[in-house]
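Q: Sequence:
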Amino acid sequence: MTRILVINPNSSGGVTAGLRAALAGFSGVHFDCIDIPEGPATILTEEDVARAGLHVADRIKADPGADAYVIACFSDPGLDLGRSLTAKPVIGIQEAGILTALARADRFGIVALGPKSIPRHMRKMRAMGVLGRLAGELDLGGVSAEDAGTSDEVFARTVEIGARLRDMGAGALVPGCAGFAPRRRALEAALGIAVIDPVQAACAMALGAVQA
1 MTRILVINPN SSGGVTAGLR AALAGFSGVH FDCIDIPEGP ATILTEEDVA
51 RAGLHVADRI KADPGADAYV IACFSDPGLD LGRSLTAKPV IGIQEAGILT
101 ALARADRFGI VALGPKSIPR HMRKMRAMGV LGRLAGELDL GGVSAEDAGT
151 SDEVFARTVE IGARLRDMGA GALVPGCAGF APRRRALEAA LGIAVIDPVQ
201 AACAMALGAV QA
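Taking the numbering used here, the leading residue of the sequence shown gets 1, the next gets one more, and so forth.
It should be emphasised that the hints constitute simulated quantities derived from the structure, not laboratory data. The model shown is predicted, which means the values in this text are computed figures rather than measured ones. Mixed in with the good hints there might be a few duds.
Quick list of simulated restraints, FRET-style, between CB atoms [said to hold, decoys possible]: (1) A103 / E160: 24 to 30 Å; (2) R123 / P37: 25 to 31 Å; (3) L131 / D167: 18 to 24 Å; (4) P119 / R164: 15 to 21 Å; (5) G132 / A24: 34 to 40 Å; (6) S84 / R164: 34 to 40 Å; (7) H30 / L54: 23 to 29 Å; (8) P115 / V210: 35 to 41 Å; (9) G132 / P37: 38 to 44 Å; (10) D63 / V130: 29 to 35 Å.
We treat Cβ as the ideally placed atom computed from N, Cα and C, and that holds for glycine.
I would like the entire structure built from these sequences, with the hints used as guidance.
A: If you want it as structure tokens, here you go:
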């Protein structure tokens with residue numbers, strides 16, 4: 001059976017459990033979801049991202065038998081480094097989530113965990129050449145990755161921000177953290193626009209890349 005290593009670069013077992021649940025609907029593939037115990041509970045700062053990239057690279061090198069690799073953090077830590085280590089697909093969820101949103105709508109919006117994440121996301125989107133189709137990115141003020149998928153208070157705030165982005169012209173919403181995975185369906189129902197779980201998007205791309 002195809003095995004895809006899904007690397008959660010933080011130490012939150014709750015986030016990793018949410019990834020497994022979000023990917024349970026795929027068939028014919030085993031998504032091996034792991035986290036990095038030595039990482040922070042939530043990746044927020046530039047230092048967090050830099051350290052996470054090295055940890056991600058170590059996990060890729062330690063598991064050469066996987067058919068593909070997904071980096072389940074919206075900052076895509078270690079993406080270029082990982083791609084330099086293997087010829088197998090290495091997919092980052094920010095790239096995959098945005099590209100999938102562009103296939104669903106003319107303009108997209110992003111909900112970030114906190115304000116410090118936005119400049120980092122903007123740099124990536126500038127490099128991707130997609131800023132012309134960004135309706136906007138707004139943040140939740142600083143919440144944990146685990147709370148993004150479990151807290152009712154955070155969910156309500158996410159709906160509020162998602163509605164603002166929808167009113168700004170977003171036809172698709174990309175939650176900017178792997179932790180949002182358990183809330184995708186509920187967010188989509190509340191907002192009435194496409195909500196792209198970037199983890200599911202990345203895993204679908206990885207699976208497509210390795211299928212015969």
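Q: At the C-beta level, are D63 and V130 separated by a distance inside 29 to 35 Å?
A: 31 Å, holds
Q: Quick check: does the Cβ-Cβ distance between P115 and V210 fall within 35 to 41 Å?
A: Roughly 37 Å apart at Cβ, these two residues keep to the hinted range, so it holds.
Q: For the pair S84 and R164, does the Cβ-Cβ distance stay inside 34 to 40 Å?
A: Given range 34 to 40 Å: holds, Cβ gap about 39 Å.
Q: State, for the Cβ atoms of H30 and L54, whether the hinted interval 23 to 29 Å holds or is violated.
A: 26 Å, holds
Q: Confirm or reject the claim that P119 and R164 have a C-beta distance inside 15 to 21 Å.
A: 20 Å, holds
Q: The hint says 34 to 40 Å between G132 and A24; measuring C-beta to C-beta, is that right?
A: 36 Å, holds
Q: Verify the CB-CB distance for A103 and E160 against the hinted window 24 to 30 Å.
A: 26 Å, holds
Q: Taking 18 to 24 Å as the hint, is the beta-carbon distance of L131 and D167 inside that range?
A: 19 Å, holds
Q: Take a look at whether the Cβ-Cβ distance between G132 and P37 falls inside 38 to 44 Å.
A: Holds, at about 40 Å.
Q: Does the beta carbon distance between R123 and P37 stay inside 25 to 31 Å, or does it fall outside?
A: 28 Å, holds
Checked against the numbered hints given earlier, this structure breaks none of them.
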